[in-house]
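S.K.: Below are the chains, spelled out letter by letter.
Protein chains: 6
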Amino acid sequence: MQKVVTFGEIMLRFSTEHHLRFSQAKFFEATYGGSEFNVAVSLVNYGVPTVFVTRIPNNDIGHCALKEMRKFNVESTKIQFGGDRLGVYYLEQGVSSRGSNVVYDRANSSMATIQKGSINWEEVFQGATWFHWSGVTPAISDSAAQVCLEAVIAAHELGVTVSSDLNFRSKLWQYGKFPKDVMPELLQYTNVMLGDLETAFFMLGKEKIKPKYQDKKALAPLYQTLFELCPNLTIAATTLRNSISASYQQIGGILYDGNQIFTSDIKDVRPVVDRVGSGDAFMGGLIYGLLEYNKDLQRTLDFAVAACCLKHTISGDYNLATLQEIEKMLQGDISGKVSR
Amino acid sequence: MQKVVTFGEIMLRFSTEHHLRFSQAKFFEATYGGSEFNVAVSLVNYGVPTVFVTRIPNNDIGHCALKEMRKFNVESTKIQFGGDRLGVYYLEQGVSSRGSNVVYDRANSSMATIQKGSINWEEVFQGATWFHWSGVTPAISDSAAQVCLEAVIAAHELGVTVSSDLNFRSKLWQYGKFPKDVMPELLQYTNVMLGDLETAFFMLGKEKIKPKYQDKKALAPLYQTLFELCPNLTIAATTLRNSISASYQQIGGILYDGNQIFTSDIKDVRPVVDRVGSGDAFMGGLIYGLLEYNKDLQRTLDFAVAACCLKHTISGDYNLATLQEIEKMLQGDISGKVSR
Amino acid sequence: MQKVVTFGEIMLRFSTEHHLRFSQAKFFEATYGGSEFNVAVSLVNYGVPTVFVTRIPNNDIGHCALKEMRKFNVESTKIQFGGDRLGVYYLEQGVSSRGSNVVYDRANSSMATIQKGSINWEEVFQGATWFHWSGVTPAISDSAAQVCLEAVIAAHELGVTVSSDLNFRSKLWQYGKFPKDVMPELLQYTNVMLGDLETAFFMLGKEKIKPKYQDKKALAPLYQTLFELCPNLTIAATTLRNSISASYQQIGGILYDGNQIFTSDIKDVRPVVDRVGSGDAFMGGLIYGLLEYNKDLQRTLDFAVAACCLKHTISGDYNLATLQEIEKMLQGDISGKVSR
Amino acid sequence: MQKVVTFGEIMLRFSTEHHLRFSQAKFFEATYGGSEFNVAVSLVNYGVPTVFVTRIPNNDIGHCALKEMRKFNVESTKIQFGGDRLGVYYLEQGVSSRGSNVVYDRANSSMATIQKGSINWEEVFQGATWFHWSGVTPAISDSAAQVCLEAVIAAHELGVTVSSDLNFRSKLWQYGKFPKDVMPELLQYTNVMLGDLETAFFMLGKEKIKPKYQDKKALAPLYQTLFELCPNLTIAATTLRNSISASYQQIGGILYDGNQIFTSDIKDVRPVVDRVGSGDAFMGGLIYGLLEYNKDLQRTLDFAVAACCLKHTISGDYNLATLQEIEKMLQGDISGKVSR
Amino acid sequence: MQKVVTFGEIMLRFSTEHHLRFSQAKFFEATYGGSEFNVAVSLVNYGVPTVFVTRIPNNDIGHCALKEMRKFNVESTKIQFGGDRLGVYYLEQGVSSRGSNVVYDRANSSMATIQKGSINWEEVFQGATWFHWSGVTPAISDSAAQVCLEAVIAAHELGVTVSSDLNFRSKLWQYGKFPKDVMPELLQYTNVMLGDLETAFFMLGKEKIKPKYQDKKALAPLYQTLFELCPNLTIAATTLRNSISASYQQIGGILYDGNQIFTSDIKDVRPVVDRVGSGDAFMGGLIYGLLEYNKDLQRTLDFAVAACCLKHTISGDYNLATLQEIEKMLQGDISGKVSR
Amino acid sequence: MQKVVTFGEIMLRFSTEHHLRFSQAKFFEATYGGSEFNVAVSLVNYGVPTVFVTRIPNNDIGHCALKEMRKFNVESTKIQFGGDRLGVYYLEQGVSSRGSNVVYDRANSSMATIQKGSINWEEVFQGATWFHWSGVTPAISDSAAQVCLEAVIAAHELGVTVSSDLNFRSKLWQYGKFPKDVMPELLQYTNVMLGDLETAFFMLGKEKIKPKYQDKKALAPLYQTLFELCPNLTIAATTLRNSISASYQQIGGILYDGNQIFTSDIKDVRPVVDRVGSGDAFMGGLIYGLLEYNKDLQRTLDFAVAACCLKHTISGDYNLATLQEIEKMLQGDISGKVSR
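Protein chains in written order, with UniProt numbering: chain A, 1 to 340; chain B, 1 to 340; chain C, 1 to 340; chain D, 1 to 340; chain E, 1 to 340; chain F, 1 to 340.
It should be emphasised that the hints constitute simulated quantities derived from the structure, not laboratory data. Just so you know, not all the hints are guaranteed correct.
Since the list gives no way to pick one copy over another, a pair counts as held whenever it fits inside one copy or between any two copies.
Computed cross-link-like contacts, SDA-like style, restricted to lysine to any residue with a CA-CA straight-line distance of at most 25 Å [as the list claims (entries may be wrong)]: (1) LYS67 x PRO211; (2) LYS171 x SER335; (3) LYS208 x PHE168; (4) LYS26 x GLN115; (5) LYS67 x SER339; (6) LYS177 x LYS208; (7) LYS208 x ARG21; (8) LYS295 x ILE119; (9) LYS212 x VAL182; (10) LYS67 x GLU17; (11) LYS210 x PRO221; (12) LYS116 x LEU219; (13) LYS78 x LEU149; (14) LYS26 x VAL273; (15) LYS171 x GLN260; (16) LYS180 x PHE81; (17) LYS78 x PRO231; (18) LYS3 x ALA128; (19) LYS78 x GLY47.
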């Protein structure tokens, strides 16, 4: 089994129960999450050994995050301890026509203050064949962006496959640089990209586009342009999400391998238990498919879509659906029968 | 900003969690509510200074209700302390084909035993431009009905706009008088009325009607009759509610200004988190629109409908949706996307 | 009012809240259930005096189960105390495309180790007119199957009507015998059977069939064969369930009385609160209708279907819907309006 | 085994968790209790069949109380249904130097509005040898006091032993009569009395006394006077309580049989989990001892004291300590060792 | 009634329930607190109108803090909105020999980034006769210390009495200045000081002392020195705390008025529910006594001690004991009897 | 750092909250524990790498136990998967004079059905210097006893130090053998023993003794006899526990090294949060001291006693006190001050 490395921030998430507004809650549920950690949990659940690299404070709250990594069997020996605080985010789960509400409190976190040169990437990548990062990390701080660049360059040089989830967050990128200043260089080294084409073009500093994802013919040249802009790209995928309400989502996907566009069925998710991390579930499924399904890209895409759908039924940031559950769904069984 | 006064009862609400039946619950969630207080909270949330007038016992439970008013910034300095108990109601939230279940325990409450002449309405209305009451208050007790009449007369004489939500509750009106004995006089002074036409005609002692709300032509003369029965009426509005199940509601509205019938789109609410107080959310939206939207009655009606829809997603009696959330919905965004 | 006896196992059920996965739960909700006990609770709720016969350990956990029987007014004086443990099952409630997940831990329970001859059935059936058992009991252990046989023979000899829910559970039947070794003899004595035809034929050791329940003409001969295989059969009924997802079920029913096939409307259940025990709710409704509705078989079937639907809205194994609520649904009211 | 009847009010108790003040609580724990029901639960737990007579509303909340009686195996077939509401009391548990805080909301309850002549006491007492009531019932309302008098007279005439717990509650007695107007007649028929001598003299309309419970010589004549005032009295007992703080109580007892004063050791209770109902636990122990210990009055008193102590460790109004636990304590084992 | 102003930081407190370690908690209780806000709540509870001045972020979390201020009737109209985050602290409640554990996450909070000159103190102090601050504020940041100095100078010039709680927190003072650099100037303007003598001498840059609080003769010259160092001082008080364990505290106090040393009894607090904020409860009691008890300094000190004791029984940062409860304790009643 | 191996059963523990009786609990807290696993967690918390060997079912419940091991960083790679069920125990926490109540449901667990020869102990002990087992394992089943014997023999032959906690549980030993049939052989190989002398003599089949632990002179020959019976013994230790109530314990210890008797101070623990696992905390402290304190046996004993005391303040089976907290206690600080 191949080994994967992911790099990013893990935060403490405080969410209200039962869709309560913040002002109604006396108790907050404390869970943990962060895009790249969520991907790591998915992969470990599928049986792929995965190392998570991050920076956390050496205090009781940091150690809680560490225990969470261990609980879910994510390799944590490459964690850097330092800095003052674990980032926090507050979450009000939306329902029906009311959207979810996130308040970030992650500035000056241990991860945001990580220092250039402080991670020995060559050592981290020993035995690894895949490296995953997302657009959240370079959005946190200048130094986090720099360490991210060190990582993708090292991965590239060591022949480790690099995957990137564009993950644009408009509330981040507050440190004076913008995606177009940072992402083009980072994406040079990417082999597998997840994100919609609008975001990809925006981050690469290109003019705004409005792709129609139902029209394969119109899509192909856009993907082709993307492949030209990112010389190492071999796979580009996009989650298709039709948000009918906070409680009703329709999920599908598109994948392009340089030659052919693959599309999946669109699946209903209703009701939604927790939408946060569903993109990471797609990403985790995509990496798993590419590692395990021996170039069966249709199956890979379908797996990623099914993983994304099932994530919506699971509370918390990460996808705890099993391989068996995803495969049952791939075989068309969404009846929700009781197994007994 | 204009100041509003509302008058009515605030009760302690004990509800089971997770749709449990009463016999299954070991814990009851304690919240507070009452039609006119709910309207007050809506208005304060929209930035309208609002005074709530009621009567509560001077004991620890009464003081909890007072703290709730303060928390939500409803002006409570005109509260009367006295009587023996805060009214209670028990609530089992319905789901799917099982309806919600309310058990009232509000007889002999402090509000029900309020005495005629005990409120100095002239002082209460100082600086106010609007007074709101509902058909719950005259349904509680004879003395409450009398105080209500004092209030509407005082408001009328002071040039304060009077709004009324008909709010018929068949389980109340137990003190020997019936709506037709009391409501006609009270509604003489009303400028703005919320309620369906059947209820309005019933309360005014008229013969039973079965209006078709889709047929504007047939509606106009009915509204016209209503305006004749209530000489001060300038606006009559009705919430349209299609109850497909306890978990699935369709909501719209109708508004008549003496000349023209305005109608809104019908919106899906699914799933429903808490239906109680959704009529009060409509009422709060209606008052806000009439105060702020400068006679744009279509916008006023649409605002009331959106507020009503969003209320269904919020636990507890009152609408905690923000102006921004309602306006986002008015602009057609019900996608429930995560803001981050 | 006639008296009913049911016989089977009652288990302690540990379920996670809010659809949490087992690994996410810090607290488990402890409730009780078992197919035949669930039927007993339904009947008592409808006003039918019902005796539950089982075997529980004489320890604190067994006494909790006893208190539960008493709370719901199920007659428990015929309970046998003995054995080492109350059976347990763990439940993760499914949602949307994720099915519910049951882990049984019921081997070696007090009920599984019940001994042949240890129940005085003649005494148990004094004053009773109906006996109900299900296919779970003979699936637990050889001795449980033997006691079940003693019961149906005694009931038959005493002129007590016997009803059977086939209730096939593939994870049981681990003791060396299979349904076809045990069920044919047991079903000889059955007067009323609930189950789908595939299961009935399978348990009776017949070749596999695939009936089309929409096609009454094709169904009749299958039911006719079933009546030939079970000489005492007078009523056979089947729950029709269309599982669209774990959160969305469509429920109907079919009933055959030897002459005529009755069918019900198909009803939507959405969202599902708790699907476990919904078959037992159907069974309870069927028995009630046969006891009370004076051979109005259409009403009996409709009642069973409505009871089954309402059960899905109630947390826990048993149906706590009232007669009034079921009758309201029979009259077509599924609007879920708040009664106040 | 002899059968006992108790008569009084059962209320719904809403208490905050973890010593929270009312204004801090979002959830209230719902339990049930009332002095005479608490005694009934104690007796049933010891194996004594006990009938509880009360009046409860025929609504969902009343039926919850009924399910509670059944759960704890208290015979409820003599309950009268009627009236409007189940009485409520709110409880903040004290701790350390902060005392517990009770807010009653029991006026106009079903029990308070019970009607004279509405209970057929002759039928109730069939097969019974003991009747228990407390001073709470005549304190609720005039009609409750009258029904109580009917009961004690009927018991007396039928040769049923009558026990009374004086249970003075200063916040009750609001209906215009005072203990001295009502209690002397009621206590004429009492055979066994629990209460301190101050209260007894006060309720019997005698001058105020300040007995020293350590001084047996001084006590004897006071008890002797009491016996003269209550001609049927054969046993008078008093709980000795030294309240060091809300969390630390010292408990003992005194018993007089007309000849001799028995005293118990003083036992430490620390910490206190729930003090409410500890007097009722003493009363239940006293009745049990008098029924079972064959005139061993020292053992009877010690049993009552131990039951009272153990009650303080149990949440809720009633004593759920087992006979085995009380007997272990009587044998001197208070080490709290884990049994495994 | 005189009006008080307090100035400081309010934080969101996340505490585990039931003494759980952070790593064991799935839910954190969210409450609010901060030394000077806690004092404000105490005073409002005693009936003293109190204004709290602070800086909070204009986001949903900041607005939760605002709702808390309103709930407890603390005047919040002088709050400044701005900055990025509400400070957070995590709390594990200690028990027995295990101490409580606090993890601060308050750096870069809105209050820490308050700007010099941004508060119009003259306007704030209109109608006020008392100003309270504590040593926490100058410990947060340089700018907070500067604003604090502006406040005390303004208060001094306007003839507003100034009280200071020294409140040394070793984990703060991280911004490059130390108490001796900042506090001597701030304390020039103080009229009433709470703190132990060691801390006072340390903060004033004097040599270390080890006072014996039992020895009044030795204490007097130390207090005298303190009065010389702080020319406006008229009252200096010290809480005496004997920490036997996290669950058992003994509390007393000392007060010096320039002439005489007053001492209180030492009171047991056992068990402790929540120790955090007990010093603020003392401070609140001290201010109340000085405002209301007309120079009865013994009563003032006893009131402060009783308030401090009762605070230990209340969950959360602030003292919710009532005047009646404190006065009952002053009269010697700590029996914790149930009031009913 | 040396590596330790422990071997035993891990169970799922269902405990009621807040000292509730089983019949009062609607939710059970699910934690995990078992004597030898508890020791492993202690050691890992102190920084000692520790391997836990057990057998768990390969189902969702078994995997929850596995996640718990990982969370607390106990090495789980030597776990054997197999069998049908994870053992369960139910716990009611005692308080004051009411003791804790344990109901075991662990028969036929995966661990109880472990097979002789199924563990490759030579491989398990690679790199290990210490092996720990307890008297619970041979009490579960014959095969578990046999595997235990294989383990101690292998350890002995490989020069791995063997420690044993006698841990007599009277409710176990149900499989036909008794301690004296099994323990003498097992204890031949023990180097370090924890247990009281009565239990040691009883398990070794010797006549009953009643040692006086205060009398060192009388103790020495008893320990000497023990050393003769167990030829490899070098250290024997005993926890001294004075159970004043379930909420108040006094803890000390004795240690004998073949020459000298060491004793510790007796420490108060009050209140007790959770007593279960406190013996395992002593054992973990003993092993840690022997590994780390370089033959300072007094410090070793004091460390074990302090660890045992602190465990009583922590909910759940295992000791989550940190090295720093234990050392602070060793230095005499039990004041429970808040660190901030």
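S.K.: With reference to the structure, classify each hint as holding or not holding.
M.R.: Comparing the hints with the structure gives:
1. LYS67 x PRO211: Answer is neither: 43 Å inside a copy and 44 Å across each miss the 25 Å cutoff.
2. LYS171 x SER335: So LYS171 and SER335 pass the 25 Å test across copies only (19 Å; inside, 39 Å).
3. LYS208 x PHE168: within (15 Å within a copy, 55 Å between copies)
4. LYS26 x GLN115: neither (38 Å within a copy, 32 Å between copies)
5. LYS67 x SER339: Answer is between: at 23 Å across copies they meet the 25 Å cutoff, but 31 Å inside does not.
6. LYS177 x LYS208: within (19 Å within a copy, 51 Å between copies)
7. LYS208 x ARG21: neither (36 Å within a copy, 42 Å between copies)
8. LYS295 x ILE119: Neither: 33 Å inside a chain and 40 Å across chains, both beyond 25 Å.
9. LYS212 x VAL182: Classified as neither; 27 Å inside a copy, 61 Å across copies.
10. LYS67 x GLU17: both (23 Å within a copy, 19 Å between copies)
11. LYS210 x PRO221: within (13 Å within a copy, 50 Å between copies)
12. LYS116 x LEU219: Neither way: LYS116 and LEU219 sit 38 Å apart in one copy and 56 Å across, limit 25 Å.
13. LYS78 x LEU149: within (18 Å within a copy, 39 Å between copies)
14. LYS26 x VAL273: both (21 Å within a copy, 18 Å between copies)
15. LYS171 x GLN260: neither (35 Å within a copy, 45 Å between copies)
16. LYS180 x PHE81: Intra 31 Å, inter 33 Å, cutoff 25 Å: neither.
17. LYS78 x PRO231: Neither, since 30 Å and 46 Å both go past 25 Å.
18. LYS3 x ALA128: Answer is within: at 5 Å inside a copy they meet the 25 Å cutoff, but 28 Å across does not.
19. LYS78 x GLY47: Both, since 19 Å and 18 Å are each at most 25 Å.
In this structure, the hints that do not hold are numbers 1, 4, 7, 8, 9, 12, 15, 16, 17, in rising order.
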